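Asker: So you can see what is in the structure, the chains are spelled out below.
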Amino acid sequence: MRLILGLETSCDETAAALVTHDGDIRSNVVASQAVLHARFGGVVPEVASRRHLELVAPVIREALAEARASLDDVELVAVTRGPGLIGALLVGLSAAKALAWGRGLPLAAVDHLHGHVASLYLEPAPLEPPFLCLLATGGHTLLLDVRARSGYRSVGTTIDDAAGEAFDKGARLLGLGYPGGAALDRLAADGDPEAFDFPVARLDGLDFSFSGVKTALLYAVRALDAGELERRRADLAASYQRAIVRALVERTRAAAEQLGHERIAVVGGVAANSELRASLAEAVLAPLELCTDNAAMIASAARYLTPVAPPGFLELDAYAAA
Amino acid sequence: MVEAVTSSSDETEAIAARLATRLAPGDVVYVSGELGAGKTTFVRGACRALGVGGPVTSPTYTIGHRYDGVSHLDLFRFERLTDADWGALEPYFEDAIVFVEWPERAGGRLPPPRVEVKLGHVDEHRRSVELASAEPDLLAGLL
Numbered sequence: 001m002r003l004i005l006g007l008e009t010s011c012d013e014t015a016a017a018l019v020t021h022d023g024d025i026r027s028n029v030v031a032s033q034a035v036l037h038a039r040f041g042g043v044v045p046e047v048a049s050r051r052h053l054e055l056v057a058p059v060i061r062e063a064l065a066e067a068r069a070s071l072d073d074v075e076l077v078a079v080t081r082g083p084g085l086i087g088a089l090l091v092g093l094s095a096a097k098a099l100a101w102g103r104g105l106p107l108a109a110v111d112h113l114h115g116h117v118a119s120l121y122l123e124p125a126p127l128e129p130p131f132l133c134l135l136a137t138g139g140h141t142l143l144l145d146v147r148a149r150s151g152y153r154s155v156g157t158t159i160d161d162a163a164g165e166a167f168d169k170g171a172r173l174l175g176l177g178y179p180g181g182a183a184l185d186r187l188a189a190d191g192d193p194e195a196f197d198f199p200v201a202r203l204d205g206l207d208f209s210f211s212g213v214k215t216a217l218l219y220a221v222r223a224l225d226a227g228e229l230e231r232r233r234a235d236l237a238a239s240y241q242r243a244i245v246r247a248l249v250e251r252t253r254a255a256a257e258q259l260g261h262e263r264i265a266v267v268g269g270v271a272a273n274s275e276l277r278a279s280l281a282e283a284v285l286a287p288l289e290l291c292t293d294n295a296a297m298i299a300s301a302a303r304y305l306t307p308v309a310p311p312g313f314l315e316l317d318a319y320a321a322a
Numbered sequence: 323m324v325e326a327v328t329s330s331s332d333e334t335e336a337i338a339a340r341l342a343t344r345l346a347p348g349d350v351v352y353v354s355g356e357l358g359a360g361k362t363t364f365v366r367g368a369c370r371a372l373g374v375g376g377p378v379t380s381p382t383y384t385i386g387h388r389y390d391g392v393s394h395l396d397l398f399r400f401e402r403l404t405d406a407d408w409g410a411l412e413p414y415f416e417d418a419i420v421f422v423e424w425p426e427r428a429g430g431r432l433p434p435p436r437v438e439v440k441l442g443h444v445d446e447h448r449r450s451v452e453l454a455s456a457e458p459d460l461l462a463g464l465l
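Chains as they are written, first to last, in the numbering used here: chain A, 1 to 322; chain B, 323 to 465.
The hints are simulated quantities; they were obtained by calculation from the structure and are not laboratory data. All figures in this text were calculated on a predicted structure; none of them were measured in a lab. Idealized CB from N, CA, C, for every residue including glycine. Take these hints with a grain of salt, some might be off.
Cβ-Cβ distance ranges computed for the label pairs, FRET-style [said to hold, decoys possible]:
#  : chain 1 : residue 1 : chain 2 : residue 2 : range
1  : A       : Arg-263   : B       : Gly-391   : 18 to 26 Å
2  : A       : Arg-103   : B       : Gly-409   : 23 to 31 Å
3  : A       : Glu-230   : B       : Leu-464   : 40 to 48 Å
4  : A       : Arg-263   : B       : Asp-390   : 53 to 61 Å
5  : A       : Leu-288   : B       : Gly-391   : 35 to 43 Å
6  : A       : Leu-288   : B       : Asp-390   : 19 to 27 Å
7  : A       : Ala-57    : B       : Gly-429   : 45 to 53 Å
8  : B       : Gly-429   : A       : Glu-75    : 27 to 35 Å
9  : A       : Arg-147   : B       : Ala-326   : 46 to 54 Å
10 : A       : Arg-263   : B       : Gly-463   : 33 to 41 Å
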């Protein structure tokens, strides 16, 4: 077997995956710290770095076992270099360097956001550029002009909160805990999306802003007494979700039209939102298990990059900002 | 301590910008306030004055953003910091002015602040801005 070993430790997830050069996923292991966080009420019991350190070797072993492969089958190591939390990124990057150095393998340093886009290039239904990609996660909301599999050009971004963060913080304001984007989605199913009018800022160009709508929800919640809030919670959730999704859909379609793209794709955790999926029915969506952070997408992106031979990659540093 | 009420996010950013020009690498600024009180807005104003050109977005999910000479941390997702955490956050304090949202979650493990900023809701558009520092000269004539 000739396999690419992907590693991802940019934020909460410690992940390893084995992918073929043709984009077949042989294993895709994610040790989700979200499970751990849930036990602590959604907060991080400690910075992810130490958990990554404890988990990185076990997830690599599990990925190899699930793929029925050994390190002898690996011919390229791919790892997320940024953006993310520096301490967390360094765990994956150092593990990848050590493995590649020890085995005399080349290393591909992958941009996390390129990884999300490359989740669309995996089997069984790989997407061929050109297309307009909406990348919406807890930390980023971007519109990407994708013309080749080796990269993308950002044409729009949130100027304040990411869409996923807006969902999570909205859930918090509605008493659904944090992160509660999925819980808000479920609650919204029982509500009237037109009950409240939450304005979403309309910026020039293709940028997004979700800070204002969060504040509008806060004030709507404050205006209600406890009993009324309980009765209207589903309506608030549905109206809030409608406002965010409408902004995402409008801007995504506008970007596709401006750039002459006939196809739209959606990647990142927000792609799991049911209203977004229904409202942007024409879009290609990454499979759900590849929407949240994972290492298969990192290995996938590495297929379109020029890897660095040893020992040159030892100088690679992590980067925090997008 | 000095305080003011701003009637727009632009006004909040302008106060932060004036403060930022008085700070130096190594300075730590705590920025407190409820959800939607304008913490990220305040930090954006400071970042702009310090030459950061691109988007200054909320670091809630990623915990830290690093720009040239400026770091923006957000401890919202923490219950409290441990000693091990401090090691992971330390790179953000090297050669940077550091703005920390939700500093109360640090449980006293952060370096002491040169300035403490407290933001509060007055109504949907107006915010109270309170600045405190052990050096009164630092805040003189700022508002």
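Asker: All hints are to be evaluated individually against the structure, with a verdict given for each.
Answerer: So, going through the hints one by one against the coordinates:
| no. | hint | result |
| --- | --- | --- |
| 1 | Arg-263(A) x Gly-391(B): 18 to 26 Å | violated, 41 Å |
| 2 | Arg-103(A) x Gly-409(B): 23 to 31 Å | holds, 29 Å |
| 3 | Glu-230(A) x Leu-464(B): 40 to 48 Å | holds, 44 Å |
| 4 | Arg-263(A) x Asp-390(B): 53 to 61 Å | violated, 37 Å |
| 5 | Leu-288(A) x Gly-391(B): 35 to 43 Å | holds, 40 Å |
| 6 | Leu-288(A) x Asp-390(B): 19 to 27 Å | violated, 38 Å |
| 7 | Ala-57(A) x Gly-429(B): 45 to 53 Å | violated, 30 Å |
| 8 | Gly-429(B) x Glu-75(A): 27 to 35 Å | violated, 46 Å |
| 9 | Arg-147(A) x Ala-326(B): 46 to 54 Å | holds, 48 Å |
| 10 | Arg-263(A) x Gly-463(B): 33 to 41 Å | violated, 56 Å |
Comparing the model with each numbered hint stated earlier shows that hints 1, 4, 6, 7, 8, 10 do not hold.
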